[in-house]
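Here the protein sequences come in this chain order: A, B and C. The working numbering numbers the first residue of the first sequence as 1 and each following residue consecutively. The working numbering numbers the first residue of the second sequence as 1001 and each following residue consecutively. The working numbering numbers the first residue of the third sequence as 2001 and each following residue consecutively.
Hint data in this document are derived by calculation from the structure and do not stem from the laboratory. For each residue, glycine too, the CB sits at the ideal point set by N, CA and C. There may be inaccurate statements among the hints.
[To be verified] Listed next, the in silico DMTMM-like pairs over lysine to aspartate or glutamate satisfying Cα-Cα at most 25 Å (straight line):
| # | chain 1 | residue 1 | chain 2 | residue 2 |
| --- | --- | --- | --- | --- |
| 1 | A | K89 | C | E2175 |
| 2 | C | K2239 | C | E2257 |
| 3 | C | K2081 | B | D1198 |
| 4 | C | K2154 | B | D1301 |
| 5 | C | K2154 | B | D1198 |
| 6 | C | K2104 | B | D1198 |
| 7 | A | K263 | B | D1198 |
| 8 | B | K1307 | C | E2257 |
| 9 | C | K2013 | C | E2073 |
| 10 | C | K2239 | C | D2078 |
| 11 | A | K89 | B | D1301 |
| 12 | A | K263 | B | E1126 |
| 13 | C | K2137 | B | D1198 |
| 14 | C | K2081 | C | E2175 |
[What the hints assert, rightly or not] Partial list, derived from the structure: chain B residues whose beta carbon lies under 8 Å from chain A:
| # | residue |
| --- | --- |
| 15 | I1070 |
| 16 | A1111 |
| 17 | G1114 |
| 18 | A1275 |
| 19 | V1286 |
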Amino acid sequence: MTDFLQLLFSGMATGAIYALAALGFTLLWQASGTINFAQGEFVMLPAFMMLAFTSAGLPLLAAFLAASLVAILLMGWGFKRGVVDPLFKYGMMPIVVATIGLSIAMRNGLRAGYSAEAHPFPSLFPYELIRVAGVTFTLSDVGTFALALALVLVTQAFLSKTVTGRAMQAVAQNSESASVLGVNVPRMIFYTFAINAVLAVSAALLVAPTYLAKFDMGESLGTKAFFAAIIGGFNNSRGALLGGLIVGVSENLAAAYVSPSYKDAVALVIFMIVILFKPQGLLGRKEERKV
Amino acid sequence: MKRSTWLLGLLAVALLVAPQFLKNYGIYLLTYWLVFVIATMGLNLTVGYAGQKSLGHAAFFGIGAYTLAILMKAGVNFWLGLPAAAAICFFVGIILGFPALRVQTIYLAFATLGFNTAVWLVMRNEEWLTGGTFGINNIARPGLPGLSLDGNLAYYYFVLVVTVILALLLGALLRSPWGKAFRALRDNPIRAESLGVDIRSYTLLSFAIGAAYAGVAGALFASLVQFIEPGPFTVASSIMMYLMVVVGGPGHFFGPVLGAAVGVLLPEWLRFAQAWYLFVFGTAVVLLMIWLPDGLLSIPDRIRARKQSRLASQARARAAQAARAQP
Amino acid sequence: MTHARHQTRPLDKPLLKVSGLKKAYGAIQAVGGVSFEVQPGEIFGVIGPNGSGKTTLFNSMLGQITPDAGTIELNGEDVTKLGPLELSRRGVGRTFQTLQVFGKMSVRDNLIVAAQEHQGSMFGRMFAPGDSGLGDKADALIDQFRIRHVAQQKAGELSYGQQKLVDIAMAFMSEPDLVLLDEPCAGVNPSLVGSISRLLKELNHNPATGSRSSFVVIEHNMDFVMDLCHRIMVMVEGKVLAIGTPAEIRANKQVLEAYLGD
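Using the sequences and the hints, build the whole thing.
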């Protein structure tokens, strides 16, 4: 039983990281119909940026802030203006293909231009064990889960309780009506991209210590983020959290109780079932999005 | 029309004659490219002509390769194994077509992606069948009575013949009413259905035929590289195949020729600088989407459309002038 | 695969009979019990304010959506539950409110594909000649619709009016007994409206072959409807307000109050 709880909890910690990536992914889709196949690389690149900043002498949190600023510039504003805006009128597939190209370029650009090696990444949390009722947790897992959960909830609170956030939601639901109501639609969409960038940097901060920073770290993370977003519900931000937790927990439990080589299969099966029978996701509404 | 026949003739001559100028490895590379031309032709049908979304094509490529390898290891002749690979992929392709009847666009893309992951997991884990990560090695090249296809040169010509036959078949299919039905399915499935086009059947067939082509390509691939393992059959490979169709030009018949050259031939040839090549390739894809979303082979169409609109506005200007000149 | 069409039918039987058709979307009764008949060779107009249920009526009749209640009979056969594919095989064609052409195919190919699935079998067509023997028919329609000069261009590259003509021509390639036209004049300039009216009259009754097609036409252009249709049905809020000849409808006080207001 203790084993199960430990696996459950560390799965939730990993799942919370997936939820961060999935949340950004979902927000981008809702606000601008963008399916971002480079989401994993949006996490990978800031990991290396933070490494660069820390090796230049900055403490980790300052590096995080600096990387967030750069990310907002490059993967928020730059991505929106350079890739999404010109392609928006052609529909969804050209954006999908462009983000695929972007992911290949980013991954290989880093590999060729900087390093093909795996780099250790400093952890926010010192290595410590916590014992509760006979179950052992690592401080890292607890901290990661708490932090990621906090970020997801803060983002959701921002979206539903602030004026700007509600304006962003209005744009996501119906950009024409929002525009008529005086909302600055392009700016709201930019804010969405900016939030996605920051969520990605946060995911990097939390995932890189365990899985190391490497040019291909984005591949599996990106895939898990899609799975999580679809399972949870593409048009519902709460879905990203649920989806992420489902993927993270099922992975961990499958690895232990089924077989390590099929640990990805459980999430995959859930994903396929959702796609085929409830494509709008477990928490999603059956809205048709006009793209 | 005449210029493209010229180019076609040039291409044919080049393909026939090229091996004379190349060393063994160069001939091997050309064969490698041809194998992917076949696979991409199939995907071009599914995605480019029938408008479906498929990010799982490498799975069929792999099923074809493993089918041939497993059968040959069990003593089955290559000439039985090749059609078996095609047939199995055809039927699996029909199965994959069923989700396409239920879900659309991006969800279909994700479903095919999931399918590919599932197939790859089986390839990697079921050692008793596929050899797992150790793969299957010592796959033989086929033989004909009195003629060995063992050498790279002979095998190249064999693959070239198969490519040409499959291209002719596909061309005939696309010129036939089926070709129009597929295009109708792509351009406007609702209108197509109200005109009596059985979009369900054509959707399934577009997946099945595309898969069969990938299956043949996979079987040829197995005998070419003579050792297969799950690596080339991942989602990443499927995505590259999809990009090859997109870069060449979806719905353009020779798109795969160009796409496979850019997606497979060049990276293999530039293996020493593969990461840089892929960086350039990825960037080129982004730029291509912004400037030429219909692929490289849409350039002639673009030029023609621009010329037509220039002629039209010239005609309008002349007409306006003539009207003004009336007393 | 082919279905017997152009079968001889007794002249007293209506081609189309709709009885008590109902369709609700949640609390909104879009179509609330509509009944009418269309005779062979008749041009039957459907008019009414926006939101009166006309397009929902069409979609229910054409199998795009399933009605909640009521029946649709075509040549005496109950076709209520059939989908667009089966209806097409039984000789029903339609045009849509928005342009629905095959943008990347040539105009001529658009027409050919519009009828090719109605003859022979799917596998018979597999490696058959490209135009399935429909080339002459397509050319004839192209000439009738006066779009010969753009016949080889991709349909998506034509002007709106030209695409509208292709759109309408496509519905007639398979010589359907019944064609449902949803706002054929929407967004079309006045001179083209006249051409469309003339074309529909020609297609309704072909003196050369003697064949007659029935139409059901939704339109807002009153002059067009009054000039073209043999009978007109007025719908308001999902129900039938009146059915009659153009003259009768013009004189109907209720219709004038509810809708025409001229």
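Going through the hints against the structure:
1. For the hint pairing K89/A with E2175/C, the CA-to-CA distance comes to about 38 Å; that exceeds 25 Å, so the pair is violated.
2. Only pairs whose Cα atoms come within 25 Å are accepted, and K2239/C paired with E2257/C is accepted, the gap being roughly 16 Å.
3. Between K2081/C and D1198/B the CA atoms are separated by roughly 17 Å; this keeps the pair inside 25 Å, and the hint holds.
4. Taking the CA atoms of K2154/C and D1301/B, the gap is near 11 Å; set against the 25 Å cutoff, the hint holds.
5. For a cut-off of 25 Å, the pair hint linking K2154/C to D1198/B stands: about 23 Å separates their Cα positions.
6. For the proposed pair K2104/C and D1198/B, the alpha carbon gap of about 19 Å is at most 25 Å, so the pair holds.
7. Taking the CA atoms of K263/A and D1198/B, the gap is near 40 Å; set against the 25 Å cutoff, the hint is violated.
8. Restraint check for K1307/B and E2257/C: not satisfied, since their Cα atoms lie roughly 54 Å apart, outside the 25 Å limit.
9. Taking the CA atoms of K2013/C and E2073/C, the gap is near 11 Å; set against the 25 Å cutoff, the hint holds.
10. For the given pair, K2239/C sits about 22 Å from D2078/C by alpha-carbon distance, which is consistent with the 25 Å threshold.
11. Proximity of K89/A to D1301/B is assessed by CA-CA distance (about 20 Å); at most 25 Å being required, the pair is judged to hold.
12. Distance hint between K263/A and E1126/B is fulfilled; the C-alpha atoms sit about 14 Å from each other, no more than 25 Å.
13. Using a Cα cut-off of 25 Å, the hinted pair K2137/C and D1198/B holds, with the two alpha carbons roughly 22 Å apart.
14. At most 25 Å may separate the alpha-carbon atoms for a hinted pair to count; K2081/C and E2175/C meet this at roughly 23 Å.
15. With a cut of 8 Å, the hint placing I1070/B at the interface with chain A is violated, because the nearest CB-to-CB distance is about 20 Å.
16. Proximity of A1111/B to chain A holds as hinted, the smallest CB-CB distance being about 5 Å (cut-off 8 Å).
17. This hint holds: G1114/B has a C-beta 5 Å from the nearest C-beta of chain A, less than the 8 Å allowed.
18. With its C-beta approaching chain A no nearer than about 4 Å, A1275/B sits inside the 8 Å limit, and its interface hint holds.
19. For V1286/B, the interface hint holds, the least distance from its beta-carbon to any beta-carbon of chain A being 4 Å, beneath 8 Å.
Hint compliance for this structure: hints 1, 7, 8 and 15 are not met, and every other hint is.
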